[in-house]
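Note that the protein sequences, when read in sequence, are chains A and B. Start counting the first sequence at 1; every next residue gets the next number (our numbering). Start counting the second sequence at 434; every next residue gets the next number (our numbering).
Take these hints with a grain of salt, some might be off.
Restricting the straight-line Cα-Cα distance to at most 20 Å, the calculated cross-link-like pairs of lysine to any residue (SDA-like) are [what the hints assert, rightly or not]:
1) B:K601 - A:S69
2) B:K567 - A:S69
3) B:K435 - A:W100
4) A:K73 - B:T566
5) B:K543 - A:L129
6) B:K543 - A:D430
7) A:K419 - A:L402
Beyond 12 Å from chain A on every Cβ pair, some chain B residues (computed) [stated by the list, open to error]:
8) T447
9) D482
10) K487
11) L491
12) F522
13) T531
14) L533
15) Y548
16) N559
17) K567
18) Q611
Hint data in this document are derived by calculation from the structure and do not stem from the laboratory. All C-beta atoms, glycine included, are put in the ideal place defined by N, C-alpha and C.
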Amino acid sequence: MGSKFNKELKTLVVDKVISPELADKIEQYYATKDIGKSNKLFMIFGIFGALLVGAGIILMLAHNWDDFSKTIKTILAFVPLLIGQLFTGFSILKEKSRTWKEASGTFLFFSVGACIALISQVYNIPGELGSYLLSWIVLCLPLVYLLRSNAVTLLIVLLSTYYAVEVGLWNYRSTKTPWLYIVFFIAILPHYWILLKNNVTSNTISIFNWILPASIAIALSAFIGNTGNLAFVMYITLFGLLYSIGRLAIFKELRTLRNGYLIIGSLGTVVSLMIFTFRWIWDEFPHKFGYQFEELYIVIGLLLMTITVLGYLFLKKGWRSINLFQIAWIIFLFVYFLLPGVKVLPVVLMNLLVLTLGVSAIKIGADKFNFGILNYGLLIISVLIVCRFFDTGMSFVVRGILFVLVGTGFFATNYIMLKRQQKFKKQIKDLQV
Amino acid sequence: MKTIHLFIGFIVLTLVQIFVPVQMIWEQEDVLTSGEMYKFKTRPVDPTDPFRGKYITLQYEMNSFTNAGLPYVQGDEILVYIEKDVDGFAKAVRVSKTPLDIDTDYVIAKVTSNYKEVVNFELPFNRFYMEETKAYDAEKAYRQTNRNNLEDNVYAVVHIKEGRSVLKEVIIDGVPIQEYVEK
Chain A
1 MGSKFNKELK TLVVDKVISP ELADKIEQYY ATKDIGKSNK LFMIFGIFGA
51 LLVGAGIILM LAHNWDDFSK TIKTILAFVP LLIGQLFTGF SILKEKSRTW
101 KEASGTFLFF SVGACIALIS QVYNIPGELG SYLLSWIVLC LPLVYLLRSN
151 AVTLLIVLLS TYYAVEVGLW NYRSTKTPWL YIVFFIAILP HYWILLKNNV
201 TSNTISIFNW ILPASIAIAL SAFIGNTGNL AFVMYITLFG LLYSIGRLAI
251 FKELRTLRNG YLIIGSLGTV VSLMIFTFRW IWDEFPHKFG YQFEELYIVI
301 GLLLMTITVL GYLFLKKGWR SINLFQIAWI IFLFVYFLLP GVKVLPVVLM
351 NLLVLTLGVS AIKIGADKFN FGILNYGLLI ISVLIVCRFF DTGMSFVVRG
401 ILFVLVGTGF FATNYIMLKR QQKFKKQIKD LQV
Chain B
434 MKTIHLFIGF IVLTLVQIFV PVQMIWEQED VLTSGEMYKF KTRPVDPTDP
484 FRGKYITLQY EMNSFTNAGL PYVQGDEILV YIEKDVDGFA KAVRVSKTPL
534 DIDTDYVIAK VTSNYKEVVN FELPFNRFYM EETKAYDAEK AYRQTNRNNL
584 EDNVYAVVHI KEGRSVLKEV IIDGVPIQEY VEK
C-alpha cells in the first residue's frame, strides 16, 4: 500500500473524520486487495517477457545462419517449440496460475511461428507471406480455448488482421479474398463472450473492446473489390453496426472511453459522411454500378447484422433510445443509391445530415452533462464549416463571421452547460441537506 | 472442462504442431532425394520478409510458352511440362490445365498474363532465403556477372518430383551464391 494513502488515513484519524478502528479496517481491506493486484502486474510482465523472447527468437532465426548445416537448423527450429509445449503442458496439467498459462501460451505461440519460418527458410518453401501466416494462426488457434488465454487471443486477432490485409490488400498479385479472417474472428468470439459475461469493466475487456472493432475496420479494406464502388457503403454500414453494438445493454456500465465500438463507430460515421459533403465526390460518381460478388456478400452480411442489432435495440428499449448516429447509414444508403444522378440535392442532404449529427451529439452531451460529447458535437459542426470553405465561393467577410460565430458557440454552450451543471449539483446538495 | 480433457486436447494440439513442420521437412526431403534435378536460368533481386528473413526473388528466363492453346486467366494454376536441353537446362515443352498422361516432369506455375497464343507464368520456387548480410550482395553479384556477359552462368538447381519442386541452390559462375558473394 502506498505510504501516501497511509498518511491520508492517519490525517483522517487525527482530524476525527474516521475512528482508528475504521482506519485499520480500511488498511487491511486494501492490503488484501493488493495481493491480486501484484499478481496482475506479474502476469503482465510474464506475458511481455514471453512476447519479447519469442519475437527475439523469430528475429534471430530470420538472420539465416548459413554456416549451420541443415540438421542443426532443423534442431534449432524444434527446440523452442518443444520448450514452449513443455511449459504449456505443465501449466495445464498442474493447473498453474493464469500468469503461467498466459506466459507459456504466448511463448508457445511465437515458437510455432519460428519453427515453420525456419523450415520454410531451410527448404526455400515458396508460399507467400499470407500462407505462412495462415498456417501459424491455424496451429495456435486452439490454444485460446485450451489455456483460456487472453494474450494468445489478442495475438490471434492481430495476426488474423495482418493476414487479411496481406492477402486482400498489400499483395498486388494475389486475387484471393481472405474469407478465413471471418472464420478466425468468429472462432475467438466465444472466448470474448465469456470474458464479457464475467467482468465487463475489467481492463482486458476494454482492450478487446478497442482491438476487435479496430481489427474489423482494418480487415474490411481487404474485402473491397477492384472498382471499389461499394467501399463507402461497406464502411458506413460497418460504422453504424459498431455504434449500435456499443449501445447494447451489456456495455452500459462502461465509461465511453472504454467502449471502442461506440467511439470507432461514431468517428468513422462522421469522417466518412464528411467526405460526402464535398461536391467533387458526387461529380466523380460512376454512372453504372459495377461490383464483385464478394463485396456484395459482405455488404449484405453487414446490412443483416446491423439491422438485427438495431432491431434488437428497438424492441428492448423502444425507438426513443435510438439516436441519429445509429441510423445515419440508412439515410446515406438512400441518398447514395437513389439520388446519384441528381446534381446538387445529395450534397445538400449530406451536409444537412452531418450538421444534424453534430447537433444531436451536442444534445446527447447536454443531456448527459458530458463535456466531451458536447464538444465533439461542436467539433463536427466546425469541421463541416471549415470543409465548406474549400468548395464554396463565399467572401472572406462571410467566412470570418462564420468562424467568429462558431467560436462564440463553443464558449456559449460550454458556459451554459457549466452553469446548468453547477445549478444541478447545488439542487442535489440542497436536497441532501 | 476437466483438466485432463484440456490436457488431452493440448497433447493433440502439440502433436499437430509438431506434425505440420515435420511433414513440411519430409515432403521437401523426399523431393530432394528422389526427385529429378533441373537447372533453371534465373535473375535475382532482393526483397525481405518480416518473419522468415531476407531472401532473393528469382526471375526465371523460362516464364512463357507460345502456342499454349486454351485461354488462361491471371491467377490460374497451370502444369508446365519440362525437359532438359543439351546443357541440362530446363525448357518448357507443353502446358496444360489438367494433368496429362505423359511420362514427363512438370512444375505447377501461376499464370501472370495471357495474350493471344502466349501464356506468361511464374514458377513457384522463386524465393531463395539467404543470410541477411548476403542477400543484397547476391543481387549486386548478379549485376556484375550480367555486365561481363556471364548471365548464362546464373541458374537455380531445382529438384522435381510429381509436380512438387524444391529449390536447392542458386549457382553463379559455377559456385553456390553464398560462397560467390563471400569472394
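**Report entry** In rising order, the numbers of the hints this structure does not comply with
**Finding:** Going through the list in order, the structure violates hints 6, 7, 8, 9, 10, 11, 16, 17, 18 and respects the others.
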